[in-house]
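**Student:** Sequence:
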Amino acid sequence: MDDEDPFNAVMAPSFLHKPTLRQEDDGNRLVFECQMTSHPRPDITWFRGDVELKDDHRTSIKVVEIEPRKYHVSLELNDVIETDGGLYKVFAKNKEGKVDSSINLNFSRRKRTRGSFLWESGETK
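Residue 23 in the numbering used here is what sits at position 23 of the sequence shown, and the numbering runs on without skipping anything.
The hints are simulated quantities; they were obtained by calculation from the structure and are not laboratory data.
Wrong hints could be hidden among the right ones.
As the list claims (entries may be wrong) - DSS-like, lysine-lysine: derived pairs with alpha carbons at most 27 Å apart: (1) Lys98 <-> Lys70; (2) Lys98 <-> Lys62; (3) Lys54 <-> Lys18; (4) Lys89 <-> Lys62; (5) Lys70 <-> Lys18; (6) Lys89 <-> Lys54; (7) Lys95 <-> Lys70; (8) Lys70 <-> Lys93.
To be verified - With beta-carbon atoms standing in for the labels, derived distance ranges: (9) Glu82 <-> His17: 37 to 47 Å; (10) Asp25 <-> Glu96: 34 to 44 Å; (11) Thr20 <-> Asn78: 16 to 26 Å.
Because the structure is a prediction, the values reported are computed rather than measured.
For glycine and all other residues, C-beta sits at the position ideal for the given N, C-alpha and C.
Sequences are here, hints too, so could you generate the full structure?
**Tutor:** Structure follows, in structure tokens:
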């Protein structure tokens, strides 16, 4: 391995864009997403509060390499309900290090319409 070749250089995960939140399907689906660099590929873990989230019928976790050492990381929540509100944290790690960031999901107290919630997000870290 050539240590001078930047494509072989290892690096700890680092956020290019910290988590943001977008709404799809008239509010029935929320997508938390961020971008990061890492080599090798990071292991990703999402939490709501202290509960680790896993892929299931309502939750989908994706890590897509969009360029060499650049990743799009997302957490999709389907059939969103008010109890989904809270602090969401994403952790990324590889053998070189780790990084984490948080985002809050708060639902407005205003009336719900057509299956969608009015929500607010706030980056916490």
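**Student:** Against this structure, judge whether each hint is valid.
**Tutor:** Results for each hint:
1. Straight-line distance between C-alpha atoms of lysine 98 and lysine 70 comes to about 15 Å, which keeps the hinted pair within the 27 Å bound.
2. Straight-line distance between C-alpha atoms of lysine 98 and lysine 62 comes to about 18 Å, which keeps the hinted pair within the 27 Å bound.
3. This hinted pair checks out: lysine 54 and lysine 18 have alpha carbons roughly 20 Å apart, not beyond 27 Å.
4. With a C-alpha separation of about 15 Å, the suggested pairing of lysine 89 with lysine 62 holds against the 27 Å cut-off.
5. Distance check on the hinted pair: lysine 70 and lysine 18 sit about 13 Å apart at the alpha-carbon level, within 27 Å; holds.
6. The suggested pairing of lysine 89 with lysine 54 holds, with an alpha-carbon distance near 13 Å, which does not exceed 27 Å.
7. The suggested pairing of lysine 95 with lysine 70 holds, with an alpha-carbon distance near 16 Å, which does not exceed 27 Å.
8. About 14 Å separates the Cα atoms of lysine 70 and lysine 93, which keeps this hinted pair within 27 Å; it holds.
9. Range check, glutamate 82 to histidine 17: Cβ separation about 27 Å, and the 37 to 47 Å hint is violated.
10. Between aspartate 25 and glutamate 96 the beta carbon distance is about 37 Å. The supplied range of 34 to 44 Å therefore holds.
11. A hinted range of 16 to 26 Å holds for the C-beta pair threonine 20 and asparagine 78, which are about 18 Å apart.
Checked against the numbered hints given earlier, the structure breaks only hint 9 and satisfies all the rest.
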